[in-house]
Amino acid sequence: MRQLVVGAVALVLTGLLSSGCSTIRAQVDGSTRAGEAPVEVPPVLETAEWAVNDGLVSVVVRNDDVRVLRTASVALRGVDEDGVLVGVWDTDSMAGESVCCTVLDLEPDEEFGLYFAIGEDAERIDEVDLSFSQISWAQAGDPAAEPVASALPQDTVLGPDRTVVTARVETGEQDVPRALVQAVLRGRSGRLIAVVTGRWSCFEAGEVRRIRMELFQRVPVGTAVDTVTVDRLDSGPQPDCS
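Just so it is clear: in the sequence shown, position 112 is 696 by this note's numbering, and no numbers are missing.
Simulated from the structure, these hints should not be mistaken for laboratory data.
What you are looking at is a predicted structure, and each value in this text was computed from that prediction instead of being measured.
Careful, some of the hints might be misleading.
Said to hold, decoys possible - Pair by pair, the computed Cβ-Cβ distance ranges are: (1) Leu-742 to Ser-682: 24 to 30 Å; (2) Val-668 to Asp-726: 32 to 38 Å; (3) Val-792 to Asp-726: 26 to 32 Å.
In this text, a Cβ means the ideal position worked out from N, Cα and C, and glycines have one as well.
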């Protein structure tokens, strides 16, 4: 039976699924003096669910802190039921695709999805552990950022080899040159099925746009979109939207 340990991740699940709750702790280099007990690092994020299917590992994490987590890069360590290391995956092993493994602007009590396209070895994973780097917290008491856009799910099309999610995105009072849009898919029972994420460019203020997100795996019949969120991407090259 799969177990959830101090860690988490995010992406797909079709039949084989594990879920639960566990604390994710930052993996921070440090040292202790002889005879002293190791210093316990405070939790970074709380794990809500994780799942494995068709080579994908998916996790939803939650911010239980009173501060906003501005950003954090995440690496996944997976072990099998005998405790043998299956592998470690991060942005570099995902061909530099940081969207898979970076948490952005996570408000207190809110959730965020991460995913790792691992391949056949994903089915061997029995426990997962996340480590965090490049962590940036907002100051306690800082006002929450104004939403850059709102999004509503519309359709979920289940194909033989892919899943297409459509959503209606409405931008707020400011232009959004680059945005990260994330949809969480759940089954009829409410269990996590998949996290679908993509980048879009050049949303004008007040614009209403219909977007399509594709997941290149099948999902169970009855799968539907639970939530769709939009985050502004300020890092990296910005497009010319003129």
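Checklist entry - Cβ-Cβ distance between Leu-742 and Ser-682: within 24 to 30 Å? => result Since Leu-742 and Ser-682 have Cβ atoms about 28 Å apart, the given range 24 to 30 Å holds.
Checklist entry - Between Val-792 and Asp-726, is the Cβ distance one that fits in 26 to 32 Å? => result 30 Å, holds
Item to check | Range hint compliance [Cβ, Val-668 to Asp-726, 32 to 38 Å] | outcome: About 43 Å separates the Cβ atoms of Val-668 and Asp-726, which means 32 to 38 Å is violated.
The structure does not agree with numbered hint 2 stated previously, though it agrees with all others.
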